[in-house]
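Heads up: the sequence lines are chains G and S, in that order.
Just so you know, my numbering puts 234 at position 234 of the first sequence, and the rest follows in order with no gaps.
All you need for my numbering is the position in the second sequence, starting with 1, plus 237.
Source of the hints: derived by calculation from the structure; they are not laboratory data.
Watch out, some of these pointers could steer you wrong.
What the hints assert, rightly or not - Straight-line distance between alpha carbons at most 27 Å, and here's what the computed BS3-like set of lysine-lysine pairs gives:
{"hint": "1", "chain 1": "S", "residue 1": "Lys402", "chain 2": "G", "residue 2": "Lys98"}
{"hint": "2", "chain 1": "G", "residue 1": "Lys67", "chain 2": "G", "residue 2": "Lys233"}
{"hint": "3", "chain 1": "S", "residue 1": "Lys652", "chain 2": "G", "residue 2": "Lys161"}
{"hint": "4", "chain 1": "S", "residue 1": "Lys474", "chain 2": "G", "residue 2": "Lys98"}
{"hint": "5", "chain 1": "S", "residue 1": "Lys358", "chain 2": "S", "residue 2": "Lys373"}
{"hint": "6", "chain 1": "S", "residue 1": "Lys292", "chain 2": "S", "residue 2": "Lys402"}
{"hint": "7", "chain 1": "G", "residue 1": "Lys22", "chain 2": "S", "residue 2": "Lys652"}
{"hint": "8", "chain 1": "S", "residue 1": "Lys255", "chain 2": "S", "residue 2": "Lys646"}
{"hint": "9", "chain 1": "S", "residue 1": "Lys411", "chain 2": "G", "residue 2": "Lys161"}
{"hint": "10", "chain 1": "S", "residue 1": "Lys652", "chain 2": "G", "residue 2": "Lys98"}
{"hint": "11", "chain 1": "G", "residue 1": "Lys68", "chain 2": "S", "residue 2": "Lys652"}
{"hint": "12", "chain 1": "S", "residue 1": "Lys474", "chain 2": "S", "residue 2": "Lys510"}
{"hint": "13", "chain 1": "S", "residue 1": "Lys652", "chain 2": "G", "residue 2": "Lys67"}
{"hint": "14", "chain 1": "G", "residue 1": "Lys98", "chain 2": "S", "residue 2": "Lys510"}
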Amino acid sequence: MISIQNLHKSYVTGNNSLHVLKGLNLEIEEGEFVSIMGSSGSGKSTLLNILGVLDDYDQGNYYLNGKKIWGLNETQAAITRNAMIGFIFQSFNLISFKNAMENVALPLYYQKVNRKKRNLIALEYLDRLGIRDWAHHLPSELSGGQKQRVAIARALISHPKIILADEPTGALDSQTSLEVMEILKEVNDQGITVIIVTHEHDIAALTKKIIRLRDGIIGEVITNGDLQKYRDKVKHE
Amino acid sequence: MFDLDRWNEIYYALAKNKVRSLLTAFGVFWGIFMLIVMAGASNGLKNGIVEGVAKFATNSCFMWSQQTGEPYKGFKRGRQWNMDSDDLNYILRNVPELEYISPKNFGSRMNGGPNTIRGLKTGAYNVKGDYPEYVKIDPYTIIHGRWINGMDIRDKRKVCVIGEKVYEQLFNPKENPLGEYLKISGVYYQVIGVIKPETQININGRAEESIFLPFTTMQQTYNMGNMVHFLAITAKKGVPVSVVEDKVKAIIKSRHSIAPTDEQALGSVNIEKQFQQISGLFIAIGVLTWIVGIGTLMAGVIGVSNIMLVIVKERTKEIGVQRALGASPRTIITQIMLESVALTTVAGYTGLTLGVGLLELVNKIIESQPAAPGKEVFFQHPEVSITVAVVSLTILVLAGLFAGSIPAKRALMIKPIEALREE
């Protein structure tokens, strides 16, 4: 699904250059439920942006579903994002003047699905996430948990191969965070690859694979037996 | 196809800060309003002047004698002299480019007091001696009877044609004036016609307040000898009046021992030149109108562009989210451009409609107050042509696209990743 080899990325500000990713290698299979962790500056957000075709890289290879992601123009990148990737953001990033249903339907709008059809589909997704009654409410009228459910519905509506979630529970209380993670688990159970960037250990413990970044490369991959130990450790903390 | 979501977004973007949008739109509104009003006012002025002289022979020239300005052939400077009837024959023989020549003499208003009597009614009017050809240069509408003819000239008949106002003052309403007699400066003349002028050009007094005698009758009755006060000439088609004017002047100067270089002795007005100057003036006014109008409009458009830049800046995050969700650059560009075109078009169309409405209102007011007879109307039918309206609308859409192009480019430069980082 995702194959990254020897990925390098630097940010240049004036005369200064900050080398963030330093030859990172990563393989994520279809249907995996992965969390990416790391301290501030370790490169986790940079990696997520490259994975989401939001940013380009300087060197290396990135294959998404067998297709090399390199040198795409803005239109090609937009089409790739729309067809392959669903985004979930910490601050929800809902469009303030569109109601919940219209926000969910937005990716279909860019696919030129007609208004009636896309709104109907959006209502189905809101129903699946338990907030159909809030379909005609503006984001300002929704709670944090409801907003994130709308954002998840919006990420799912275009049948993406991957869900990329950047601190999806960062702005939520612990109970709501668990509910959101439960929804993401259900999404993953349907075969969609889910990748979460988080700094919260208890959230990472709910995924099936934890990747720790250290200084721009993969420092540690926790999976299988180690993962259970990790979960137990988090539980006791 | 109509895209409700897109128009909702445009409405949201513009309605988010209503005062700002209204003030911005006002700039465009004012630009197009001014353009339309100025173009209409310029047309109204042009129509007023053109209609006032529309039927007047524009290929004409008038001359009259004045004191000489240079000494010549033993004559001193400042000599009084007069054209005479023999000049006419000489000119007719020697100027083949001439179309019409019509001499004109003026009688005084008899020291300003009443000079015309009919029964108990009296009045002071301009008395003019004319040739039949004069109406080919300055046409009159015949209300009753006829104009002076060749037989009147040849036989020096004691007949007169009177102006409309003279008729109103000396006759009862609906009274037939034809065959009636007027005593003008002590001599009886039979009325053969009543006229009203078709132009607003007045030569030695308004035509409707004038009495016209056969030229030869006037010369004889009032002891003018063969003196000619005033000469009206026209050039044949295709010949500039100035050519005829120069030739006629040269002949007259030569016959009356006036220095060829004396510009003062023979006063003249070349109507063709005057018309060219007026036409040039209107072209200049037209150009100025468009320069000022488009300048004002551009100021408004720059305002729109500026505000669109602010809107793009404010919506950076939103644009970033839209792009992350799959909005193509084209979608974003179209969105920004449409917002700009919508703002300029709505504001401009309002300005266009109100401008045309104001011109219509002024037109209605002018039309509801018919000008008094003999009163010049220098402002008529202030209107803009459909061409001006179409050009204005095209300018509006182009201006909107121009105003939106820079902000749209700026919006495209927003990288989704940078926009999403912005909190």
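Do the hints match the structure? See the list:
For the hint linking S:Lys402 to G:Lys98, the alpha-carbon distance of about 76 Å lies beyond 27 Å, and the restraint is violated. Among the hinted pairs, G:Lys67 with G:Lys233 is inconsistent with the structure: their alpha-carbon atoms are about 39 Å apart, more than 27 Å. For the hint pairing S:Lys652 with G:Lys161, the CA-to-CA distance comes to about 23 Å; that is within 27 Å, so the pair holds. For the hint linking S:Lys474 to G:Lys98, the alpha-carbon distance of about 73 Å lies beyond 27 Å, and the restraint is violated.
A hinted pair counts as satisfied when its Cα atoms are at most 27 Å apart, and S:Lys358 with S:Lys373 does not qualify at roughly 32 Å. This hinted pair checks out: S:Lys292 and S:Lys402 have alpha carbons roughly 21 Å apart, not beyond 27 Å. Distance check on the hinted pair: G:Lys22 and S:Lys652 sit about 23 Å apart at the alpha-carbon level, within 27 Å; holds. Pair hint S:Lys255 plus S:Lys646 holds up; C-alpha atoms about 24 Å apart against a cutoff of 27 Å.
Among the hinted pairs, S:Lys411 with G:Lys161 is inconsistent with the structure: their alpha-carbon atoms are about 99 Å apart, more than 27 Å. Between S:Lys652 and G:Lys98, the direct Cα distance comes to roughly 22 Å. Compliance with the 27 Å bound is thereby established for this hinted pair. A distance of roughly 21 Å separates the Cα atoms of G:Lys68 and S:Lys652; the hinted pair therefore holds under the 27 Å criterion. With a C-alpha separation of about 16 Å, the suggested pairing of S:Lys474 with S:Lys510 holds against the 27 Å cut-off.
Proximity of S:Lys652 to G:Lys67 is assessed by CA-CA distance (about 22 Å); at most 27 Å being required, the pair is judged to hold. Using a Cα cut-off of 27 Å, the hinted pair G:Lys98 and S:Lys510 is violated, with the two alpha carbons roughly 68 Å apart.
Figure legend: structure checked against the earlier numbered hints; hints not met, in rising order: 1, 2, 4, 5, 9 and 14.
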